[in-house]
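Asker: Now for the letters of each chain:
There are 4 protein chains.
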Amino acid sequence: MSKINRFKYRMSKERLEMFSDGVMAIAITLLVLEIKIPSHEKVETAGGLYNYLTKIWPSYLGYAMSFLQIGIYWSNHHWLFSFITKTNHVFNMLNVLFLMAISFVPFTTAIFSDFILSHGHFNAAVTAYCTGLLMPVITVCLVVFYAGYKRRLMPATLKQSFLNEQYMKLAMGLLMAIASVALSFSYPVASIVIIAVTFLIYLIPPTPPEYEEGAIIQEQKHH
Amino acid sequence: MSKINRFKYRMSKERLEMFSDGVMAIAITLLVLEIKIPSHEKVETAGGLYNYLTKIWPSYLGYAMSFLQIGIYWSNHHWLFSFITKTNHVFNMLNVLFLMAISFVPFTTAIFSDFILSHGHFNAAVTAYCTGLLMPVITVCLVVFYAGYKRRLMPATLKQSFLNEQYMKLAMGLLMAIASVALSFSYPVASIVIIAVTFLIYLIPPTPPEYEEGAIIQEQKHH
Amino acid sequence: MSKINRFKYRMSKERLEMFSDGVMAIAITLLVLEIKIPSHEKVETAGGLYNYLTKIWPSYLGYAMSFLQIGIYWSNHHWLFSFITKTNHVFNMLNVLFLMAISFVPFTTAIFSDFILSHGHFNAAVTAYCTGLLMPVITVCLVVFYAGYKRRLMPATLKQSFLNEQYMKLAMGLLMAIASVALSFSYPVASIVIIAVTFLIYLIPPTPPEYEEGAIIQEQKHH
Amino acid sequence: MSKINRFKYRMSKERLEMFSDGVMAIAITLLVLEIKIPSHEKVETAGGLYNYLTKIWPSYLGYAMSFLQIGIYWSNHHWLFSFITKTNHVFNMLNVLFLMAISFVPFTTAIFSDFILSHGHFNAAVTAYCTGLLMPVITVCLVVFYAGYKRRLMPATLKQSFLNEQYMKLAMGLLMAIASVALSFSYPVASIVIIAVTFLIYLIPPTPPEYEEGAIIQEQKHH
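Residue numbers (the working numbering), protein chains in the order written: chain P, 1 to 223; chain B, 224 to 446; chain H, 447 to 669; chain W, 670 to 892.
Since the hints were derived computationally from the structure, they do not count as laboratory data. Glycine included, every Cβ here is placed at the ideal spot set by N, Cα and C. Among the hints, erroneous ones may be present.
Unchecked claim - Computed cross-link-like contacts, DSSO-like style, restricted to lysine-lysine with a CA-CA straight-line distance of at most 30 Å:
| no. | chain 1 | residue 1 | chain 2 | residue 2 |
| --- | --- | --- | --- | --- |
| 1 | W | LYS682 | P | LYS169 |
| 2 | H | LYS532 | P | LYS42 |
| 3 | B | LYS278 | P | LYS42 |
| 4 | H | LYS459 | W | LYS828 |
| 5 | P | LYS55 | B | LYS309 |
| 6 | B | LYS392 | B | LYS373 |
| 7 | H | LYS532 | P | LYS36 |
| 8 | B | LYS259 | H | LYS488 |
| 9 | B | LYS265 | W | LYS711 |
| 10 | W | LYS828 | P | LYS159 |
| 11 | P | LYS13 | W | LYS755 |
| 12 | P | LYS13 | H | LYS459 |
| 13 | H | LYS532 | W | LYS838 |
| 14 | H | LYS459 | W | LYS705 |
| 15 | W | LYS682 | P | LYS86 |
| 16 | B | LYS259 | H | LYS482 |
| 17 | B | LYS259 | B | LYS373 |
| 18 | P | LYS86 | P | LYS13 |
| 19 | B | LYS236 | H | LYS488 |
| 20 | H | LYS482 | W | LYS828 |
| 21 | W | LYS682 | P | LYS36 |
| 22 | P | LYS86 | B | LYS309 |
| 23 | B | LYS278 | H | LYS532 |
Stated by the list, open to error - Okay, the calculated bits of chain W under chain H, using three or more residues with CB under 8 Å as the criterion:
| no. | segment |
| --- | --- |
| 24 | 682-693 |
| 25 | 696-708 |
| 26 | 711-724 |
| 27 | 728-736 |
| 28 | 859-868 |
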């Protein structure tokens, strides 16, 4: 009986991972659709196609930044699931919330790209972009804290020190994301600096999960 | 011979699940494309970008509601396939009808979000949204009733009492969805209440399938 | 050495199937994006949202027809790969041509839906739709004939009679699709009848592949 | 311990392949969305729907060219991963850069299709298209050189001669892509010739990876 249950859990986790990969792959690819193809009139107004394609550089910047952000989330999601070894209904729903936040990024990116250069809308464009990045941070915190609470969906042999370190990193990421939104209303440049710093931190490879002595044998049972 | 057939069935089921996951992942992600990026004129008319982004709150609501609905369908589809263990051509086609209904949700969601605030179109916007939610319910009923009829595509050892319970839940969901569409023409607020209630019911975790005594050994043969 | 090659071939086939499933899942879901969200002005001109949503029935018809067509192609593609057991570079490229034809269907469907009701464009709308359906037929013929020629990518034990039957069906489907395009310029209603008939034929479940005596043991070696 | 690490690496590689397949499948299918559905006014101006559909032939050409290009990249990506047997964080990020370049192709294709016939914008349209093709070449070079440097992510038994041959081909492809962009500003027709030639070269099937004597046994350990 217990064997079959474990098997079911593992399948569930795999399908959850694949669905998440699918949604992240689509959200990342939809970013390009937010770079609009200009009408011939717009191109003439801009002084030709070369000029137009140069002028819309914020669209390229927004595309590249958001693509990398979602790419890093995809990479980290994969790594998270190396020590989240089970799932349940609540966890599935929290993961759906995370995907909802990721899928929203193309919208806030397009707002950022289209309005960052109009000085009257600079602050609002940065607020939109930072809010778009805050929501995945909030939801990924929910996912990890729910899975980690009393090792609900993590192996008992996972080292507490390793888990504490992850909690610390997530809390810091959350604080920085909140700060970037809060500052954007008055000091949007400060928000951009925070995003750039967060971005560099995320590029650091994640540490592999650590297990207690004898964990290898224990771990086998979870598969 | 029979071994090979069973293998083929299982493969088929897996590919059907993966295709369904793919379509649901795409439909859920396309929701964001229905939130339009405004022109600079529209933003000026709305009194600035902050005002504009606040004014389009129905778009965020529609996005969140439909994302969760499709997310719940995805989760339930996964659970359904823990006791639908075989497929056939008719079943594949019924599942395609279900996916057709799910993929249509971004359209009815956009109609809802864009017209819910214009009082002359309030009823029609709710009718569109409720119809968009009714169609997946109808098609999921077809899928389950077809698979369950005389245990066509379900193991013989699945408890009848468990199956009856699922039929009852589906019939109730169908009635509520029909009621929400019927009421929307005159009492759209009542329809919204029904949708909210259905939504909360769906959040309850599904019960795991129950099998007759000795079912575990029988079950192994189906894999 | 030969063992590793066989393994590589099988992997290749699986990834080709998954890529094809992905493209078909996306093409089928993109159909909904071709149903445009109307502006408030358009809705007022149509006499309200209820009237507008009724008036655009060709969009729903086009959506449903093309969704089912791609769904049937997906189902048949799966069945084809139960007896196409190997792949090579040329075959991969022919399959890419098939996917190119499938991905084009949302465009011809949108042309059909948007122009079928304007009498001046009725013929052209039907020509566009029929051409959109002809191209997948042509490319699926290329895929099957290439794979079947001298059993290039099919097991030697597959019955010739079974293969001949498939060739016959494909040739007939091709003739009907060509006829529907040719007739559309002058007799578009005849084209629509042909499409409806083809559609009903496609709904018939495909016959399982037949192998020579002793084929089961031979077949194992291909995996 | 080392066994578990190897296992983790293999999983990682599989998920990276699947994510890449997903992004490429989506990018290839989004190409069709860049072929715009005309308004009724535009169709009347063009002299009817038949005339309009004929007039937009560059859209079909752009669609077909880019579809085949991404299809060939997908096929080659698969082949690359037959001898890239491990992954790491930096490699994941480089692969994300490659996917970012692939996902951008629908934008440059749409620019090409929409402006290639307006003589004033011919050069710029070709520059855009060639730049769109240059970026995947640059990033695929980064991916392969990073994985191959000191056999970082490739088996030690892979023949150096085979690897050198691949480096040579990549370097040549890179030079041709740079030349096509450089020439496009003054001699866009020369750029088109280079693209056509590159395209034909890419159609040649890739050679299977070669291993040192006794490599088969060594290779097994990597799985």
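Asker: Hints first: check each against the structure and report whether it holds.
Answerer: Hints, verified against the model:
A distance of roughly 26 Å separates the Cα atoms of LYS682/W and LYS169/P; the hinted pair therefore holds under the 30 Å criterion. Our distance criterion of 30 Å between C-alpha atoms is broken by LYS532/H and LYS42/P, whose separation comes to about 51 Å. Using a Cα cut-off of 30 Å, the hinted pair LYS278/B and LYS42/P holds, with the two alpha carbons roughly 28 Å apart. Between the alpha carbons of LYS459/H and LYS828/W the distance comes to roughly 26 Å, so the proposed pair stays at or under 30 Å and holds.
A threshold of 30 Å between alpha carbons decides the hint, and for LYS55/P with LYS309/B the separation of about 56 Å lies outside it, so the pair is violated. Restraint check: the Cα-Cα separation between LYS392/B and LYS373/B comes to about 19 Å, which is no more than 30 Å; the hinted pair holds. For the hint pairing LYS532/H with LYS36/P, the CA-to-CA distance comes to about 42 Å; that exceeds 30 Å, so the pair is violated. Between LYS259/B and LYS488/H the alpha-carbon distance is near 17 Å, which keeps this suggested pair within the 30 Å criterion.
For the proposed pair LYS265/B and LYS711/W, the alpha carbon gap of about 24 Å is at most 30 Å, so the pair holds. A hinted pair counts as satisfied when its Cα atoms are at most 30 Å apart, and LYS828/W with LYS159/P does not qualify at roughly 42 Å. A threshold of 30 Å between alpha carbons decides the hint, and for LYS13/P with LYS755/W the separation of about 23 Å falls inside it, so the pair holds. Of the pairs offered as hints, the one joining LYS13/P and LYS459/H holds, with about 25 Å between alpha carbons and a cut-off of 30 Å not exceeded.
The suggested pairing of LYS532/H with LYS838/W holds, with an alpha-carbon distance near 27 Å, which does not exceed 30 Å. The straight-line distance between the Cα atoms of LYS459/H and LYS705/W is roughly 34 Å, outside the 30 Å bound, and the hint therefore fails. The hinted pair formed by LYS682/W and LYS86/P meets the criterion: a straight-line CA distance of about 21 Å does not exceed 30 Å. A distance of roughly 12 Å separates the Cα atoms of LYS259/B and LYS482/H; the hinted pair therefore holds under the 30 Å criterion.
With a C-alpha separation of about 48 Å, the suggested pair LYS259/B and LYS373/B falls outside the 30 Å cut-off, and the hint is violated. For the given pair, LYS86/P sits about 6 Å from LYS13/P by alpha-carbon distance, which is consistent with the 30 Å threshold. Of the supplied pair hints, the one linking LYS236/B and LYS488/H is violated, its CA atoms being roughly 44 Å apart against a limit of 30 Å. With a CA separation close to 55 Å, the supplied pair LYS482/H and LYS828/W exceeds the 30 Å bound.
In summary, the hint linking LYS682/W to LYS36/P is not supported, as the alpha carbons are separated by about 34 Å, beyond the 30 Å threshold. Taking the CA atoms of LYS86/P and LYS309/B, the gap is near 25 Å; set against the 30 Å cutoff, the hint holds. For the hint linking LYS278/B to LYS532/H, the alpha-carbon distance of about 56 Å lies beyond 30 Å, and the restraint is violated. A stretch counts as covered by a chain when three or more of its residues have a beta carbon under 8 Å from one of that chain; for the segment 682-693 of chain W and chain H the count is 5, and the coverage holds.
Only when three residues or more bring their CB closer than 8 Å to a CB of chain H does the claim for the segment 696-708 of chain W stand; here the count is 8, and the claim holds. Given as covered by chain H, the segment 711-724 of chain W passes the check, having 5 residues with a CB less than 8 Å from a CB of that chain where 3 are the minimum. Requiring three or more residues with a Cβ within less than 8 Å of a Cβ of chain H, the coverage given for the segment 728-736 of chain W holds, as 3 such residues are present. Note: the segment 859-868 of chain W has 0 residues with beta-carbon separation from chain H under 8 Å; the three-residue rule is not met and the coverage is violated.
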